[in-house]
Amino acid sequence: MDKPISSVAKTAPRGTFIGLLIVLVTIESLSGVVQGFLNPILPALGPVFDIDAPTINGIFLIANVSFAVLTPLISRLGDSFGYKRVLLISTLLVAAGVGLLSFVPSLTAIIIGVILITCVVGFIPLMMGILRLSHPDETRRGVSYLIGTLMVMVGLGGLVAGILGAVDPLRGFWVGIPFAVAAIICALLLPDVPRPDKEPIAIFPMVSCLLGIILFMAGLSMAPDWGWASWKTLTCVVLGTGLLATWALMDSRSDDSIRRFTDLRMLKLRSIRSVSIATFFFGFASISYFGTNGLVLHSERASTGYGFDFSPMVIAVILAVTSLFSLFSSLSAGQMMNRISERAALVSSGALLASGFVVFLIAGDTLIGYLVGFSVFNLALGSYQSATRALSVEGVPVEETSSAAGINELALSVGIACGAAVIKMLSSMNVDAQGAITANGIHVIWGTLAIAAAIAALAGSRYPKRQFTRPIRQAEGSDIQ
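Residue numbers (our numbering): 1 to 481.
These are calculated hints, taken from the structure and not from any lab test. One or more hints might be untrue.
DSBU-like cross-link-like pairs, simulated, lysine-lysine; straight-line CA separation at most 30 angstroms [what the hints assert, rightly or not]:
| id | residue 1 | residue 2 |
| --- | --- | --- |
| 1 | K232 | K424 |
| 2 | K465 | K268 |
| 3 | K268 | K84 |
Using the sequences plus the hints, can you model the full thing?
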């Protein structure tokens, strides 16, 4: 896999970076909004469609599996058929999903709409491909702004959806409509970039990968309900692991003549491998915690021994405000990588995340202590998301940008699923007579996630020191980014 960057980057069209960034940020705003409105709106649909909690959890499971499956698929399609084309199609599918959720009041439409909007997982990998082809020396800065936008819009989308859905939950989906229209217009305005010269997709490795993800994610997600030793859980996890291992073996072979779904030989690069491992544990320790965070903020201290008895609206406001910390750290991550080192950005993100949970353990019983810990948590969230995504494509051929970013996104999705499964297992092991999680259980969760964050920092410390600095401008005649 030691081949130079393809010449497609040298023939990239010229244009203003700021103009391109505005277009990409607008499209990414749609991604943030639709990811933000799922958590507050879906649980409120029970009375609307007369469905129970297991059905709502099933919809969340469908969303989580779709996110994981579409990550490598859309990324790979971008490398093969062009980033602009696939991004436009993905945007149209997400907009169709928003339309179904907003205007077709039926459970079937909700399920289909949820599946369609999960196409947002391809936005960042595809945009990174566009950035590397058109402005290779600005990729890190571009990713920082995209991730900052994502973080803020997730919080804002959840807040506005909660306000609109206070009377009728279905109205909460309306927040996505103007963003969907704006995203379609911007996707049409994207500059043309050269289509990467990529080999055809190998069907068998693709099926093995996607089916393996479905089975593995379903097994992990349902294990707390089915039982970790049940035949359904074991069948899904074992078959899923086997299929993923088969895909890994097929797509990591050294023969250049074979067709692949995704070139996993890039994981032999120490930089890519360390970032992927760090991303897994970052996802494990951070995004998987949001459900527990809502539980802690909502619980009544008098009955559980912890919590602050906040309403869903107050919780939404807290999430929106603290997302500004993620915006700040996301924009700062690129500067840290350029001025200090990539390794420092990864290690500091892990240290910040672990520190947030340590603050919870020490002072999480007080409102000020918890808010301080959650603010530190959000600083880490924006920092690692920006750093890992930018570094996930450095050192790989430009025509494999989207696939490399997709591997990183897949590591994040699987890490989140594993973290959520562990949290649910720990929760079920620490319940009181009323079925609520005990205060000791909450502390065990905080301690476990602090350890996972420390492992992420350790993995980040394995990143090669200063192997990749700011990409060299193509005008200087270098083939290295």
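So, going through the hints one by one against the coordinates:
1. K232 to K424: With Cα atoms ~18 angstroms apart, K232 and K424 stay inside 30 angstroms; holds.
2. K465 to K268: 17 angstroms, holds
3. K268 to K84: Given that 30 angstroms is the threshold and the Cα spacing comes to 29 angstroms, the pair holds.
The structure fails none of the hints (numbered hints given earlier).
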